[in-house]
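Chains as they are written, first to last, in this note's numbering: chain A, 1 to 278; chain B, 1 to 338.
Just so you know, the hints here were simulated from the structure itself, not pulled from any lab data.
One or more hints might be untrue.
[What the hints assert, rightly or not] Straight line, CA to CA, 20 Å or less: simulated SDA-like cross-link-like pairs of lysine to any residue:
| id | chain 1 | residue 1 | chain 2 | residue 2 |
| --- | --- | --- | --- | --- |
| 1 | B | Lys175 | A | Ala202 |
| 2 | A | Lys167 | B | Glu310 |
| 3 | A | Lys167 | B | Arg303 |
| 4 | B | Lys175 | A | Ser129 |
| 5 | B | Lys175 | A | Arg134 |
| 6 | A | Lys167 | B | Arg311 |
| 7 | B | Lys312 | A | Ser170 |
| 8 | A | Lys167 | B | Glu190 |
| 9 | B | Lys175 | A | Arg143 |
| 10 | B | Lys312 | A | Arg162 |
| 11 | B | Lys175 | A | Glu164 |
| 12 | B | Lys312 | A | Leu146 |
| 13 | B | Lys175 | A | Arg122 |
| 14 | A | Lys167 | A | Pro108 |
| 15 | B | Lys175 | A | Ser170 |
| 16 | B | Lys175 | A | Glu147 |
| 17 | A | Lys167 | B | Asp188 |
| 18 | B | Lys312 | A | Arg134 |
| 19 | B | Lys312 | A | Gln109 |
| 20 | A | Lys167 | B | Ala313 |
| 21 | B | Lys312 | A | Ser129 |
| 22 | B | Lys312 | A | Glu142 |
| 23 | A | Lys167 | B | Leu189 |
| 24 | B | Lys175 | A | Gly171 |
| 25 | B | Lys175 | A | Arg139 |
| 26 | B | Lys312 | A | Asn168 |
| 27 | B | Lys175 | A | Val14 |
| 28 | B | Lys312 | B | Trp167 |
| 29 | B | Lys312 | A | Arg122 |
| 30 | B | Lys175 | A | Leu128 |
| 31 | A | Lys167 | B | Gln305 |
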Amino acid sequence: MATETDDFAPATAVTPTDGLLVVAGLARRFGGVQALDGCSFAVEEGTITALIGPNGAGKTTLVNVVAGAIRPDSGRVYFAGQDITARPSHQIALRGLIRTFQLSREYPQLTVLENLMVSPQRQVGERLSVALLRPGRYRAQERAYLERAVQILDDFGLYGQRDEYAKNLSGGQKRLLELARAVMAGPRLLILDEPMAGINPALVDRLSAHMLRLRAEMSITFLMVEHNLDVVERLCDHVVVMAVGRTLATGTMAELRQNASVVTAYLTGGVADVRAES
Amino acid sequence: MGVVIGYIATLGVYFCIYNIFAFGLNIQFGYTGILDFTVITFMAVGGYLAGVAALGPEQPGTDIYYVLGLSLPWPVALLIGAAAAGAVGYLIGLIALRRLRSDYLAIVTLAAGSIVYGIVGNDTRLFDGFEGLVGVPQPLSGVLNLNPNDYTVVFLALCAVIMAVCWFLANRLYKSPLGRTMRAIREDLEVAEAYGKRTFRVRMSAMVIGSIYVGIGGVLTIWFVTSLAPAGWGTGETFVVWAALIVGGRGNNLGAVVGSFLVAVLFNEATRFLPAISSLPNLIPEIRNICIGGLVILTLWFRPQGVVAERKARFFVVPLQHGTVAGSAAAEVAVSGD
Ligand SMILES: Nc1ncnc2c1ncn2[C@@H]1O[C@H](COP(=O)(O)OP(=O)(O)OP(=O)(O)O)[C@@H](O)[C@H]1O
Ligand SMILES: [Mg+2]
């Protein structure tokens, strides 16, 4: 059912256990811009949830706050029932919340395979004493990671590029690498910031197929920022609509198409209309 | 004959010492991307502390003042010098590595270096100020009782062993998962952080290990020349280490070795034989700096990765298990092949 928030007061309806990820009344200001203004919603475990909204709605800011890259002025973030608000990024990642970036940010001067090999968390060989004095102790783990990385690269069609520097990949390949690298981290929740932006339709289909497969095989939950409503319609169980830093509506795509304020917000750029209504 | 051997051994000693400096900077900058613009400060800290650990108590009436004066054996002095350099690296890292921006880091290291320089130079009670330490005992010289040329050969052997150990450990670090994480941090700190890497801690490790390396080089320096004063570790010396790493090739230790040889040994020595002009005593050092500067610019222009480029990581080949998941791979290769 589509829940429409008519008055744009911060929704207080969410509780920490409403989903795998719960965002409650997040606010964040940049100088004169209120990028987030009481944004609340929940992402249920096992879903592929879309986060849509006009440019400048605050979607990337939300991802950054959730992942601990920037601090909110107020509001809370709960992951798996625990308060993770304003925790350092690496602590949030260690709990199994991995995010990708709106612009591909591979490690350019590492090979494709190395890009994946960095991802596993708390590697034995990352301890200084082991790295310097007892390299034998990480060999077995390294081999296991390597087998997994090679398999993931093969799944994503990047096996042939495994020894290439990541900076030399094409734009589409970089998007695939971004996802492959995130999968290698073994996340519980994967937040993708516009993974389909600027890639050709065939690749969009492949990425969609990968996401469905990952959900089935590795039970990864997805939150995906996306502008392409066809993709959202096909792929996502649940949609969160944002405008001017707030949650405008949530529901399935079919439900949202019936929702007048969503249609205006999305089709006309939203900001003026939403402000005028409130 | 002995003179020639002594001369070549002297070059060898400097070569080894600069290698260790360059390995240290390589761990900080080449592996981890830390812009350490005060490399030479760690050399000084290592040298001074090893010096006052090995020297006897200061003698009243000699007008030479310094702290400690513990008359410790040389291996202990080496450890003290290395540990002190690591500790100063840690303190500078505490300030410099808190923020993520690399320009901030560069400025903090420069400032910290100036502060150390100012304190050591002006506080004569620490290491005798601008006069510096003199008469630091050389390892084994009392036991062996050799003439200077022969002693230099023995000292070269010691330096070569220490340098080899440093090289071996630096390579081991590079190939380890920790080294890989350091390089990922070099490439994109925020992304590494988003993947659960404790970037502050990893960068601090690199900062401290690099400082220890440079400190060890400093201990070898003070042993070899038996004295150390601020004039010997100005900002210009930091520049020489940077030049060695840039010219040789950052991110790989072979590059550091090649760079040390080209910059620190070849250029230093070539300019030394230029005819001195007595009315312009600074001419030769200036020519040296101009040459090194020119070499750096040429390198960055024509071969920015350095003479020896960082090599790709090699993994042993793992066979693909073609099962259900991998079955789709054949179809995908066509699309990703562009
Ligand atoms: N670091 C920042 N400093 C100043 N303003 C910022 C910053 N980050 C975001 N903003 C502003 O906050 C608002 C929301 O930006 P955000 O990037 O979250 O939008 P978005 O929904 O991701 O848009 P898009 O669909 O274009 O990616 C914008 O007006 C933007 O200019
Ligand atoms: Mg965005």
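Hint compliance check: list the failing hint numbers for this structure, sorted ascending.
1, 15, 18, 21, 24, 27 and 29
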